[in-house]
Amino acid sequence: MSILPTSVAGATAIRAIAVTKRYGKLTALDSLDLAVPDGSIYLLAGQNGAGKSTALRHILHLEEPDAGTITVLGYDILRDAARARAEVGYVADGELSPYGWLRVGALIAHHASYFPTWDAAYAARLIAELQIDLTPRVRTLSRGQARRVAFVLALAHRPKLLLLDEPTDGLDPVVRERVLHLLAGHAAEWPTTMLVSTHLVQEVERLADHVGIIKQGRLIGQMPRDYLRGTLNRFRFVAAESWRVPNEAPVVVVERSESGHEQEWTIWGEPGVVREIFDGPDVDLRSVTPLTLTDAVVALLSIEEAA
Amino acid sequence: MALIAIDSADPRPIYVQIVDEVRRAVVVGSLKPNEPIPSVRQLASELGVNPNTVKQAYQELERLGVTYVERGNGTYVAAGRSIRDERVSLATAVAERALRDATRNGLAVEELIDALERVAQRNGRRRKP
Numbered sequence: 043m044s045i046l047p048t049s050v051a052g053a054t055a056i057r058a059i060a061v062t063k064r065y066g067k068l069t070a071l072d073s074l075d076l077a078v079p080d081g082s083i084y085l086l087a088g089q090n091g092a093g094k095s096t097a098l099r100h101i102l103h104l105e106e107p108d109a110g111t112i113t114v115l116g117y118d119i120l121r122d123a124a125r126a127r128a129e130v131g132y133v134a135d136g137e138l139s140p141y142g143w144l145r146v147g148a149l150i151a152h153h154a155s156y157f158p159t160w161d162a163a164y165a166a167r168l169i170a171e172l173q174i175d176l177t178p179r180v181r182t183l184s185r186g187q188a189r190r191v192a193f194v195l196a197l198a199h200r201p202k203l204l205l206l207d208e209p210t211d212g213l214d215p216v217v218r219e220r221v222l223h224l225l226a227g228h229a230a231e232w233p234t235t236m237l238v239s240t241h242l243v244q245e246v247e248r249l250a251d252h253v254g255i256i257k258q259g260r261l262i263g264q265m266p267r268d269y270l271r272g273t274l275n276r277f278r279f280v281a282a283e284s285w286r287v288p289n290e291a292p293v294v295v296v297e298r299s300e301s302g303h304e305q306e307w308t309i310w311g312e313p314g315v316v317r318e319i320f321d322g323p324d325v326d327l328r329s330v331t332p333l334t335l336t337d338a339v340v341a342l343l344s345i346e347e348a349a
Numbered sequence: 010m011a012l013i014a015i016d017s018a019d020p021r022p023i024y025v026q027i028v029d030e031v032r033r034a035v036v037v038g039s040l041k042p043n044e045p046i047p048s049v050r051q052l053a054s055e056l057g058v059n060p061n062t063v064k065q066a067y068q069e070l071e072r073l074g075v076t077y078v079e080r081g082n083g084t085y086v087a088a089g090r091s092i093r094d095e096r097v098s099l100a101t102a103v104a105e106r107a108l109r110d111a112t113r114n115g116l117a118v119e120e121l122i123d124a125l126e127r128v129a130q131r132n133g134r135r136r137k138p
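Chains as they are written, first to last, in my numbering: chain H, 43 to 349; chain A, 10 to 138.
Derived from the structure by calculation, the hints contain no laboratory data. Computed from a predicted structure; not experimentally measured. Don't take every hint at face value.
[Claimed, not checked] Examples of chain A residues lying across from chain H (beta carbon under 8 angstroms, computed):
no., residue
1, 17
2, 20
3, 59
4, 91
[Unchecked claim] Okay, the calculated bits of chain A under chain H, using three or more residues with CB under 8 angstroms as the criterion:
no., segment
5, 48 to 56
6, 61 to 75
7, 112 to 123
[To be verified] Between beta-carbon pairs, the in silico distance windows are:
no., chain 1, residue 1, chain 2, residue 2, range
8, A, 98, H, 312, 37 to 47 angstroms
9, H, 318, A, 108, 42 to 52 angstroms
10, A, 37, H, 52, 38 to 48 angstroms
11, H, 299, A, 116, 36 to 46 angstroms
Ideal Cβ placement from N, Cα and C applies to all residues, glycine included.
Here chain H stands alone, though its shape is the one from the complex (with noise of 0.2 angstroms):
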């Protein structure tokens, strides 16, 4: 039973209950619940191996579960996969295409004729700003150039739904600066939610506002980020060495460091909880600080094994 919050309110973009996939002996998905709200743009994390990418394909159904329900954009994905791949936009985590053959600009010509809302005027943009040669043969692209392409493709058509897994994978600093720029002005421009996973939370810090995270194939915890911001902060205090967490406290001491006579801890729990604790006469506290979203996570991570 995790301590973490993992239920979401109001309207979801994907919702899969349950979800479980075993290869042979290795279970990969394990009765995974996940919650993407409406609009938002919520970050996957995880630990590499965690089922970040195998949970996206399934949000496809590129691959099927052995158990559990999987409700993308309204739509029952194990039985209406194709009408809602329309309405979703994909950057997968490896090969672009299985048309290695083909010039670039005949991929991307080759995928627009399949999507009625696709934007030429966008994509001509698109191509512009990642500076992307429609010349090449797909399979000479490198592992950047390729991710590149992908953007195009996943985007031009304005889906309701993006899926993005890696995506800042391969990318020099400055496209990938462009690439994060490009994705906030996208989800200005049209109401679009985004499903990122990644494990360079730092560069999705300033897009995310949604985290959850997934640890052996299950959902740990998910929640805005706002309510991190409440919950999860570090203190920095002065306080006898003997000073403790009263222990009928509903708080998680998630680290602990002291410089000098300083105390540093972070702590999780429920505002009011947590001022309770420090408003007592035996401790000065000096200062709160919200945690940035990388630290965030891993901090997540270690307040599962505490629990």
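Please arrange chain A on chain H, whose structure you already have, making use of the hints.
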């Protein structure tokens, strides 16, 4: 120098940084009364931040009376507000940050004020405009 700059390492939430940056731009005069501020889309893509965060900041600015919205036409810097009031409230925010930092370092208010005076003397005090 960008009109509005934010820093991911800053502990202030991004929407607060945007609010503070717009207020700063008004005080220093790089944004003038009745001038438009960037659209949500422009600023989101320029800063690479979630558009909802920009919306949240713009709502806060409107609530504070720093800006006003013309329906379908964008957001503008409010005119009625005196620059003096804005300067006072900006100075208050700077003082709050400095005081927080001092407290964190175990310093008393008096020590901070003394140090401010001393440093200002040494650097040649900036005259009130």
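Consistency of the hints with the structure:
1. 17: holds (5 angstroms)
2. 20: holds (5 angstroms)
3. 59: holds (5 angstroms)
4. 91: Residue 91 of chain A check fails; min Cβ-Cβ to chain H is 33 angstroms, beyond 8 angstroms.
5. 48 to 56: holds (count 6)
6. 61 to 75: holds (count 3)
7. 112 to 123: holds (count 3)
8. A:98 - H:312: 37 to 47 angstroms: Violated, at about 31 angstroms.
9. H:318 - A:108: 42 to 52 angstroms: violated (24 angstroms)
10. A:37 - H:52: 38 to 48 angstroms: holds (40 angstroms)
11. H:299 - A:116: 36 to 46 angstroms: violated (22 angstroms)
In summary, the numbered hints that this structure violates are 4, 8, 9, 11.
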